[in-house]
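Enquirer: Sequence:
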Amino acid sequence: MEIKYTTQGLLIYATIAAYLLAFVATAARQARAGRVLFLVGFLLAILSYAYRWHHTQQPPLQNLFEVFLFGGAVCYPISWFCRRYLQIGGQWADMLIGAIVLFPAGFVFNAQPMPRPPALQSWLFVPHVAVYILSYIFMAKASCQAGEQLFVKPRPDRICLPTEQATYELIAIGFPLLTLGLILGSWWGKLAWGDYWGWDPKELWSLASWLVYLGYFHWRYMFGKTHSRINSLWAITGMAAIIITVLWVNLSRLFPGLHSYAT
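Last residue of the sequence shown: 287 in my numbering, with the numbers rising by one and none dropped.
Calculated from the structure, these hints are not laboratory results. Yeah, the Cβ is synthetic: ideal placement off N, Cα and C, and Gly gets one too. Check each hint, because a few of them may be wrong.
[Claimed, not checked] The calculated label-pair distances, taken between Cβ atoms and stated as ranges, are: (1) ARG140 <-> PRO101: 23 to 29 Å; (2) THR250 <-> GLN145: 48 to 54 Å; (3) PRO139 <-> LEU204: 23 to 29 Å.
Between the sequences and the hints, there should be enough to build the whole structure, so can you do that?
Expert: Here it is in structure tokens:
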């Protein structure tokens with residue numbers, strides 16, 4: 025664990041603190057205070073990301089430190105969009121997701137900026153990584169809704185969608201983004217290494233994550249009405265595959281490959 029005694033580090037820790045305080049306030053039924061603190065955390069996250077961009081003079085998506093920094097910044101707008109336009113609750117979970125996503129950036133990964141290697145010097149670099157992160161946040165929110173359906177006694181809410189339906193709506197948004205990330209990555213591979221698909225471990229696990237969610241849609245269409253709890257298990261399994269793809273495959277020596285942006 026590495027504590028960062030820098031302006032960047034202090035901004036990250038302040039954001040994590042704001043997100044956690046927002047969660048505590050919401051859990052204590054102080055919804056208004058929770059929303060305000062969540063907004064404050066978002067503004068700090070944007071400031072932290074902008075500071076990194078100014079410091080590196082390039083879009084900060086090169087390594088896992090910057091990937092998690094971006095993920096922590098997009099939690100609030102995704103939560104706001106889901107609450108405002110999809111009638112999906114669970115903002116308490118969004119606050120926790122924001123804090124959890126920022127934890128590796130604050131305490132685990134090195135913040136030392138590095139020049140971009142040739143493979144990352146492509147116009148596809150930013151959209152490929154960004155759409156993947158957006159899809160991951162939607163899927164993380166979906167897995168929280170799924171976990172709530174499995175482990176928490178549902179409470180009727182005339183404003184918000186039921187948890188199983190909310191899980192589906194979130195995955196229905198996250199899956200096209202996941203698909204777009206896979207397509208952009210394949211295109212990028214063609215430009216960088218001369219082939220659309222190289223059977224790289226990161227490519228394979230990205231495909232595995234995609235196939236799990238494809239299985240979710242198939243199961244839900246065929247059997248979802250009578251086995252709705254299994255729908256939620258599919259959603260949680262998909263998130264587990266994403267965690268393996270993002271962390272284990274990037275960091276473990278068991279999976280050497282061309283995707284070295286995380287080092």
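Enquirer: Now tell me if each hint is right for this structure.
Expert: Okay, the hints, checked on the actual structure:
Between ARG140 and PRO101 the beta carbon distance is about 26 Å. The supplied range of 23 to 29 Å therefore holds. For the pair THR250 and GLN145, the supplied restraint of 48 to 54 Å holds, since their beta-carbon distance comes to about 51 Å. The hinted window of 23 to 29 Å between PRO139 and LEU204 holds, with their beta carbons roughly 27 Å apart.
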